[in-house]
Every structure is written in C-alpha cells, then in structure tokens.
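**Q** Sequence:
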Amino acid sequence: VIIIDGLDECSDVKLQQRILKLIGNAVANSRFPLRFVISSRPEAHIEDFFAQFQYPTLQIDLANVEAAYRDIKTYLTSEFARIAIEQELDPKVWPGQRTIDTLVSKSSGQFIYASTVIKYVGAEYESAVERLNIIL
Numbered sequence: 001v002i003i004i005d006g007l008d009e010c011s012d013v014k015l016q017q018r019i020l021k022l023i024g025n026a027v028a029n030s031r032f033p034l035r036f037v038i039s040s041r042p043e044a045h046i047e048d049f050f051a052q053f054q055y056p057t058l059q060i061d062l063a064n065v066e067a068a069y070r071d072i073k074t075y076l077t078s079e080f081a082r083i084a085i086e087q088e089l090d091p092k093v094w095p096g097q098r099t100i101d102t103l104v105s106k107s108s109g110q111f112i113y114a115s116t117v118i119k120y121v122g123a124e125y126e127s128a129v130e131r132l133n134i135i136l
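Start counting the sequence shown at 1; every next residue gets the next number (the UniProt record's numbering).
Keep in mind that the hints are not guaranteed to be accurate.
Said to hold, decoys possible - Below, computed lysine-lysine pairings styled on DSS-like, alpha-carbon distance capped at 27 Å: (1) Lys73 with Lys106; (2) Lys92 with Lys119; (3) Lys73 with Lys14; (4) Lys106 with Lys92; (5) Lys73 with Lys92; (6) Lys106 with Lys119.
Everything labelled a hint here was simulated from the structure, so no lab data went into it.
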C-alpha cells in the first residue's frame, strides 16, 4: 500500500495531475501489486480525475465527522474488549467508557490515530494497562 497524504497540499496543480496520471497508468496494469490510499481536500481537478477513473475506488468523505467519530468509537470498543480478554482484564471495567470517549476525541476523526493506539496498547508481552496510561 502506498499512502499519499495531502495531495492537494502540493502547490503545483500540474504536478498533482502528473502524480494522479502516474497512479492511473500503474493500476491499469492488472499485474501491478500495489494499492494506493490518497488523502486530499475535495479540489475540483482531483475529483474530476476520480470521476473519470476507470478502476474501482472508494471515496470516504471525512467532512462527515460524526460518522467518523461513531466508527472510531465502535472500533475502539471492540478492540479494547479483545485486548482485555487477551490480557485477562474485565472488558466491562477496562478501559471504561470515559477512556474510550477521551480517545475518540483525541482522534479528531482520524482512524489512523485509533488504529495506532490499538497497535501500541495491544502489543504482545506488554501491559495494556500501562501502555494505555502512557497514551492518556
């Protein structure tokens, strides 16, 4: 997976278009083994590119922050329950709704934050309680 974060922040529109064209040419080859994740504000020329793109794409509108927060909360709740069971903690008590709400707020609607927290807290052979306290 190749991640291009903030394509719209590249100050040269022509360079943005060249990057998109290169990506389009690469994925046109059915043997191309990589996938792309591109984040960008909804600039017209970028939206036009994807509107004409001939290959499957998934557009996620992060402007819908309420849905993002809800999805992050669901993810954190589920993953913390899994970690609690793995570490022989009581999932009804740990980490607690207040902690999950704090982490959802800290995520600012960015799923990568929640994912990173879970990877860190759930690290094998480490104390989830101690690692979560470090984050908080």
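**Q** Taking the numbered hints from earlier one at a time, note which ones the structure violates and give those numbers from smallest to largest.
**A** The structure breaks only hint 3.
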